[in-house]
Amino acid sequence: MVIAFVLMLLAEPIIRLIGHSGAAIISRVMGMILASVAVNSVLSAMLEIIKTGQL
Numbered sequence: 001m002v003i004a005f006v007l008m009l010l011a012e013p014i015i016r017l018i019g020h021s022g023a024a025i026i027s028r029v030m031g032m033i034l035a036s037v038a039v040n041s042v043l044s045a046m047l048e049i050i051k052t053g054q055l
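At position 10 of the sequence shown the residue is numbered 10 (the working numbering), and the sequence of numbers has no breaks.
If you are wondering where the hints come from, they were derived from the structure by calculation, not from laboratory data.
The beta carbon of each residue, even a glycine, is placed where N, CA and C say it ideally should be.
One or more of the hints may lead you astray.
[Unchecked claim] Here are the computed distance ranges between Cβ atoms for each label pair: (1) 26 to 51: 35 to 41 Å; (2) 44 to 11: 29 to 35 Å; (3) 50 to 10: 41 to 47 Å; (4) 19 to 51: 44 to 50 Å; (5) 52 to 17: 45 to 51 Å; (6) 23 to 3: 15 to 21 Å.
Kindly produce the complete structure, drawing on both the sequences and the hints.
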């Protein structure tokens, strides 16, 4: 929680450093990473259901 708090305090200087377009790029990349983790979780669950044959 402390690390998240410090990062939130440093958000404005980071935005000034990377710019708004850099922040948009990072946001899109993080969205793609989040989507891939979600797909991986769903596929793992589906394979486990198929392997065991039960919910």
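**OP:** Look at the Cβ atoms of residue 44 and residue 11 and judge whether their distance stays inside 29 to 35 Å.
**Re:** 33 Å, holds
Original post:
Is 15 to 21 Å right for how far apart the beta carbons of residue 23 and residue 3 are?
Top reply: 19 Å, holds
**OP:** Indicate whether the distance between the beta carbons of residue 52 and residue 17 respects the range 45 to 51 Å.
**Re:** Holds, since residue 52 and residue 17 (Cβ atoms, about 49 Å apart) stay within the stated range.
Original post:
Honestly, do residue 19 and residue 51 meet the 44 to 50 Å range at C-beta?
Top reply: 48 Å, holds
Original post:
When you take the CB atoms of residue 26 and residue 51, is the distance between them in 35 to 41 Å?
Top reply: 37 Å, holds
Subject >> Range agreement (Cβ of residue 10 with Cβ of residue 50, hint 41 to 47 Å) >> reply: 45 Å, holds
The structure meets every hint from the earlier list without exception.
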